[in-house]
Amino acid sequence: MSDEQTPHEPSVVLELSRRKGTSAVRDSIVGAQRVAAPYVTMTRIALARLGRDRMARAGALVLACLALVAVFADLLASDRPIACRWHGVVYVLPDVTHPAALAGVDAAVMRRDRSPGDWVLSPLVAHGPTEMGVESDAMLPPLSPGHPMGTDGLGRDLFARVVHGTRTALGLGLAASLVLVAIGVALGGLAGFAGGVVDSLVSRAVESLTAIPTLVLVLVVGALVPHATTATLLWTIALTRWTELARLVRAEVLRGLSEDYATAARALGASPARVLLRHVMPNAIGPALVAAAFGVASVVLLEAAVDFLRVGSPDTMASWGESMGEARASMGAWWLIVFPGVALLATLVSLNLVGEAARDALDPKLRGVSSDLGGGAGG
Amino acid sequence: MLRYALRRVLWAIPTLLATSLVLFFVTTLAPDPARDTGDATIDEARRTRFVDLPRFVNTSPQDVASRASAAVKGVAAGAADEEKGARELRRLGGAALPYVLPLLEALPPEGRGRVAVALAPVASRMGIGGSTDLRQPQSAALFWSRFWDDRALDFTRTAVDRAVSRLVEHGTDLRETDMVSLDTYALPEVIRAMTATSDHVALERLTRIARHATERGTVVAEDSDATQVRRAVADWQEWWFVHATDYVELDGADRAIAVVTETRYGKWLRRAASGELGVSAIDGEPIADKLRERAPVTLLVCGLAMLLSWSLAVPLGALGAWWHGRAFDWVSSGVLFLLYATPTFTVAEILRRVAAGHAVGGGRVSLAVAALALGSMATLSRWQRAAMLDVVRQDFVRTARAKGLPAWRVAVVHALRNALMPTVTLAGLHLPVLLGGAFVVEEVFGLPGLGFETLRAIEAHDAAWLMAVILASAVAVTLGLVASDVAYGALDPRVREVLSRRQDGRPA
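Protein sequences, first through last, are from chains V and H.
Quick note on our numbering: the first sequence kicks off at -15 and runs consecutively.
Quick note on our numbering: the second sequence kicks off at 3 and runs consecutively.
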């Protein structure tokens, strides 16, 4: 397989490092890389493999587009203008700058009290995600004037809901994953490294948290905590879903500590902490990051499922699951299922594609074994 | 093998304890109404949730003696505490008399009079006092000290116990009046007798006595049906579980144990372990009964979905790996990947729309099972395919082929048998996901299972049900994990060794 081809044997690099002092190694390697021998690292090999995977590239592209949508959601759909001229003064992004002159001036005032020569540059769709429509706006089908994707049961613009739902889903997914990766890596590493009582405690915690169905827990916590917000959801997920990752990191650390390179480092007089942090942990980080990609997917899925079930709760955040849940009441409104559903599915599929490709890239032995589409795409 | 199974089951105990700690933490998330507002209804609401108790260690557990002396002190001191103390004395009633009346002599005359007057409502409840004016401090104090000289002997546990069992066996109005004159002092035996007897006449008398003494609760009528009786008794049990320490004295060993049991965690754990999970805030039905009623639907959906997904996933995954790289593998992998990424609620919602109107009764169940099974089939078959791919590349499969065995025999007997094992273990880990999915499909298809009921409980803020359902799911999943581990150990002796090694502190 072409993946394993490396232009130069790593022994060249080793040879160089043996001849010179440690401080000089990097320079010589950098120099060698510029001239002839590329400095080959596991990360670089993995990244190169990842780049060659077509499905992973497609997934990453979709994710990048979704991320752009999430970041620039306010430019795509908002009831506030992107730029406007108000009483002779031009304001750019008034929503961000909050100029004093525009305080209390909403869209209706702007239409009514406009002075001659004023203009308004509206976003693609001039409706915000939480902006309720008037009675006649409820359940408009797609391609209605002003509402390209139609509206939901409260007359809210579906395009705005989907666009801002991207922000909710990806933001929550990323934030929760960051926290759970931090907890998982720290506790898993500690358990593998310290052993004994610490290991037992962490293992019991992992087992007991695994036994609690997360969806049920999130529903119950959301109902028990007064004024539950998205932050509550984030912390509930992050504090209970780190278990899988901790189990993985623990196993990696245990394996790493028993391998020759760890023994060698110990023989050279490295302290236990140094062996763990400099030699063993870096090898465990790769799998942890892969798990994080799947973690984002599962958080996005969980958020959607919870909001789907809890429709009608006074939650003003736009959410794909919530929009799809609204469709349950009305059989005819297919657009409430299709548009958010496609966005959700695209996110989940891309995250899984990238995650699987990354896993295969880190461990080529798994190629074709764990990745279902890998056989077709990579071959 | 038996040793392995036993060891695995024992291992589940610390895990369950850890789970109970996590779930206990979840209960503490519910808001505390308020602290010491003096409002009786709020105090009562806090007590029923044990918010008034310390979390893990209760260094000074309250019982009837300490409550009574605190109330007496309050009343005797007069001023602000008097009204609160008088209310407390009225609530404690007859059970407090053995601790209050001996204290009377030691009090200054003025305080003694106030306490004696505060006891007037108790006397009228007990039907004593007759012509004496109990609102008059001096005569009341005299009355109570005479009362205690006469009746102290009736206020012993053995006497009450005998009286209650006589009442249950041959109930007469006279005996009932005797019990009423003991007021709350008789409650421990009366409540215990309620669970022991199923005789409606006896239950009517017992609940009437309890209601008279506590000024709350329901009385079983002679013609009530079984459900009403069950609910009334459960309500009394629940009330007693919360308020028992108001009416019994903790001494010796009881006091030592109460340090641990009279805490929020202690109460919660005892509830969880005994299965007495309180009563629903929606309809007053015992939570345990409700769970028994709803759980079969969820278990049926889960069980059928598991059966369906296994019977599809194993052949699909195995065939995909056997025909690795061929058209079948491509197509099935692609479709399964899409299904894997599709949320269960989307599948369920689409199925519901496609079958709109046609699905009634059993149809809804089969649709729910199908929606749930599709997702877990995708997950399981991906595992199965990976495991099978691992196996078909091994030497023994090549050997089997080389010696000329028919392909199906190699695939089924040699390869699949070994490839099934990892899937069996992973299936245990899939249980929580399956249960969560069941909640979703029940809601979408309106099946009256645990999930459906849970969402109604969320709307009604029924904390008791929510805690019960999450506890039940956690216990069910833990048992499932144990079962799948034991099954795996039975299939593969190597696993048993691994567990033994882990037991010695060595990494698995």
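FYI, nobody ran anything at the bench for these hints, they're computed from the structure.
All residues carry an ideal CB built from backbone N, CA and C; glycine is no exception.
One or more hints might be untrue.
[To be verified] Derived coverage of chain H by chain V (criterion: at least 3 residues anywhere in the stretch with Cβ under 8 angstroms from a Cβ of chain V; other residues may be distant):
{"id": "1", "region": "77 to 89"}
{"id": "2", "region": "92 to 105"}
[Claimed, not checked] Not everything, but these chain V residues come out facing chain H in the computed CB check (under 7 angstroms):
{"id": "3", "residue": "LEU45"}
{"id": "4", "residue": "PRO210"}
{"id": "5", "residue": "THR214"}
{"id": "6", "residue": "ALA215"}
{"id": "7", "residue": "LEU218"}
{"id": "8", "residue": "LEU293"}
{"id": "9", "residue": "VAL322"}
{"id": "10", "residue": "GLY325"}
{"id": "11", "residue": "VAL326"}
inquiry  = Given a cut of 7 angstroms on the nearest C-beta pair, is the interface hint for GLY325 (chain V) held or broken against chain H?
reply    = Holds - the Cβ of GLY325 (chain V) comes within 7 angstroms of chain H, reaching about 5 angstroms at its closest.
query = Per the CB criterion, is LEU45 (chain V) less than 7 angstroms away from chain H?
reply = violated (17 angstroms)
key: Supplied contact hint for PRO210 (chain V), tested at 7 angstroms Cβ to chain H   = It holds, given that the least Cβ distance between PRO210 (chain V) and chain H is near 4 angstroms, below 7 angstroms.
inquiry  = Take the shortest C-beta to C-beta distance between VAL326 (chain V) and chain H; is it under 7 angstroms?
reply    = violated (10 angstroms)
ask   = Taking a Cβ-to-Cβ distance below 8 angstroms as contact, does the region 77 to 89 of chain H have at least three residues touching chain V?
value = Coverage by chain V is violated here, the residue count being 0 at a Cβ distance below 8 angstroms.
query = At a threshold of 7 angstroms, is the proposed contact between THR214 (chain V) and chain H supported by beta-carbon distances?
reply = violated (16 angstroms)
request  = Establish whether the coverage given for the region 92 to 105 of chain H by chain V is satisfied; the threshold is a Cβ-Cβ distance below 8 angstroms, and no fewer than three residues must meet it.
outcome  = violated (count 0)
ask   = Quick one, is the LEU293 (chain V) hint okay against chain H at 7 angstroms, beta carbons?
value = LEU293 (chain V) check passes; min Cβ-Cβ to chain H is 6 angstroms, inside 7 angstroms.
inquiry  = Restraint: LEU218 (chain V) near chain H, CB-CB cut 7 angstroms. Satisfied or not?
reply    = violated (15 angstroms)
query = With 7 angstroms as the cut and Cβ atoms as the points, is ALA215 (chain V) at the interface with chain H?
reply = violated (13 angstroms)
query = If you take the shortest Cβ to Cβ gap from VAL322 (chain V) to chain H, is it below 7 angstroms?
reply = With Cβ-Cβ at 10 angstroms, over 7 angstroms, it is violated.
Hints 1, 2, 3, 5, 6, 7, 9 and 11 from the earlier list are contradicted by this structure; the remaining hints agree with it.
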